[in-house]
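Listed below are the residues making up each chain.
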Amino acid sequence: MINIEKRQSLLTRIKVAGLTGPVMVILVGLLPLFFLTVGDKSQLIIDSSKMGPYSWPRVMLVSLATAGLFWGISRLRNSSPNSASSADPDQINTVKLVLGILSIVLYGVAIDVIGFALGTFLFLTSWFILGGIRRFLVIAANSALGTGALLYLFLKVAYLPLPRGIGIFDTTTVNLYRLMGIY
Amino acid sequence: MMDILHNLGVGLSHLLGVVPFSLLLAGIFIGVVAGALPGISFVNAMALALPFTYVMEPTNAMVFLAGLYCGGVFGGSISSILINIPGSPGSLPATWDGYPMTQRGESARALGIAITCSAIGGIGSALMMIFVSPPFANFALRFGQPEFFAATVLGLVSVVAIAKGKMLTSMISLFMGLTVGAIGLDPLYAIPRLTFGWSILENGVSFVVVLIGMFAIGEVLGWVSSRSPTRYKPASKTRALLPSVKDLLKLKGAISRGTGIGCVIGAIPGTGAIIGAIISYGIEKQVSKRGNEFGTGVEEGLAAPETAKNATTGTATIPLLTLGIPGSAATAIMLAALMLHGVNPGPMLFITGTDLIYTVFAAYLVANILMIAAGMLVARAFTLLMAIPPGLLFGFIAVLCLVGAFGVRNNMADVYICIGFGILGFLLQRYHIPTAPLILGVILGPLAERYFLTSMIAYDNNFLIFFTRPLSGVILFLAFAFLAWSFWESIQKRFKNFRQYPN
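From first to last, the protein sequence lines are chains A and B.
Under the numbering used here, the first sequence has 85 at position 85, and the numbering climbs by one with no breaks.
Under the numbering used here, the second sequence has 410 at position 410, and the numbering climbs by one with no breaks.
These aren't lab readings, by the way, just hints derived from the structure by calculation.
Here a beta-carbon is modelled for each residue, glycine too, at the ideal position from N, C-alpha and C.
A portion of the hints provided could be inaccurate.
Quick partial rundown of chain A residues pointing at chain B, CB under 10 Å, derived from the structure [unchecked claim]: (1) S103; (2) Y107; (3) F116; (4) I129; (5) A140; (6) L153; (7) V174; (8) N175.
Quick look at which bits of chain B chain A covers, simulated, 3 or more residues with Cβ under 8 Å [to be verified]: (9) 118 to 126; (10) 167 to 180; (11) 188 to 198; (12) 394 to 403; (13) 472 to 480.
Model the full structure from these sequences, guided by the hints.
Structure below.
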């Protein structure tokens, strides 16, 4: 009975301490170490008395994992079952966060496939809607004019070789550039 | 001394010609604007401007680039103060005390302090460049690999000083940064490390991409997911308010320390504005009576790094002009501009090209004065930009940042890396882990590793070499003293508690 109570108390403390962060840090520190250890060393001929190429990153990774361990211990020690939750007072809107991350990741992937011009137009449109703007005219005008201005700035002024997309998107992008006089 | 003043007068008269002066003005404005826009760094602007310098006279080309450099180093602080996104790496500390001032509705004052202090630091550095160039060049020439390693250790130790009360989480952030900095081919054997078979990672991860991701994308995600209406508070004033002489006198300690630190750090090749600004912030936090309040919008916390940041500009040019060694990306572009015209910088240039040298000196001096007007105008335009609804503004910021990341190597992989670090930056903010040490780790990590390994090879794995060489010994002693100083308060507190409650 006492053991069950003790275990419950420990679980509550772990929950209160918010150990997700420290555990993540320890894993981030230790997982790449595994890959480093099994890495291909066949091309490696070094003097054993000198520091090898893996020494520096290993020292950093072990230090990171150790610091994460100490962080976890300190959070556990400073928490008590009766204390308030250590959650951030600045509450987040998880749905919006997931949508925000998704739209940025999709934008990153999309500009390689559908080109910078169309990708930016779609991203800006979705972002404005996500940002709470509801007037169609404002969204359409800002997305179109904004994309045009950015295209002009990056292609005509900065000469950046921005992705044009593949297949039909490449042709469409080139036609658009010609129409704008920047190709 | 009289020779220097005479040559400076001649240089100044050359500079005040219509063409050089117009180019200087154009350079300052382009620099401030490029620096202020997150994702478009002034170094990119300098690189883009390089082909245009080919059609200019060598002196005019250097004057134009000097204006761009001085304006660009300052420009980043505008976005740091107004939207908490550093426009350039050196403006990172301006987010710590400058942005809280904006949140309190004191953006005009914060901008005024930043502009004035940057100008004072820049002028101090220009004077230092003019009068102490030759002895400074000799001093930097004595730096070997152990000294460079010691200097990077000093930079890394400053993280601990900055992170009073957040020691453990700062260490985590720093080790994360040092690990990220170790990604790529190792400096001695060219063996890929932590690349997981991804060939683009063999060239390492650019700190510019990490910086854009952690701060800009992290901030964008923070805004979109926030339920708190105060998370994003636009600036209340549309102009910068220059501080009065009385206000400046109150900040005289921070400004003079910032100038001194910036000048010294700037002269060490491979350091630059960010290290100068961070070390200056760390020292100011220790020295200031309001050190414990730093991070809440303390004026000294803004003034010191802002001064130090621009105080690196003049002295960073000393190794370039006297030795032909560029200490930073910006001075490397200046070297390229000189080479394009067949001008070889070095000690001989001080004999054969005094006109060029002293016109450049005068340009640094005048650029920092004109920067006050340029900074105020650009800041005014930038604060008007803040009137745009955040829903629109953050969309454009996200696009600018991702294009900025793409522009580093013209590679989509950097865009994905930037997004990854954006998500990491957001998570670190959620867990109250400071992000600045990570950036510092990414910048200083590869340097520290290279200097350490080359020192070990050169001195037969003798670890004591770092302590037995006088210069590196002194720098390391300073680093340890800095560390002890930052721990001193907590040791004292514990000792006091122990004496009160021995059991």
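Quick rundown of the hints versus the structure:
1. S103: Constraint on S103/A satisfied, holds at 9 Å.
2. Y107: holds (7 Å)
3. F116: holds (8 Å)
4. I129: Nearest chain B Cβ about 9 Å off; hint holds.
5. A140: Given a least distance of 12 Å, the restraint on A140/A is violated.
6. L153: With a closest approach of 9 Å, the L153/A hint holds.
7. V174: violated (18 Å)
8. N175: Given a least distance of 21 Å, the restraint on N175/A is violated.
9. 118 to 126: With 0 residues in contact (Cβ-Cβ under 8 Å with chain A), the coverage given for the stretch 118 to 126 of chain B is violated.
10. 167 to 180: Coverage by chain A holds for the stretch 167 to 180 of chain B (8 residues, Cβ < 8 Å).
11. 188 to 198: holds (count 6)
12. 394 to 403: holds (count 8)
13. 472 to 480: Violated, because only 0 residues of the stretch 472 to 480 of chain B bring their Cβ atoms closer than 8 Å to Cβ atoms of chain A.
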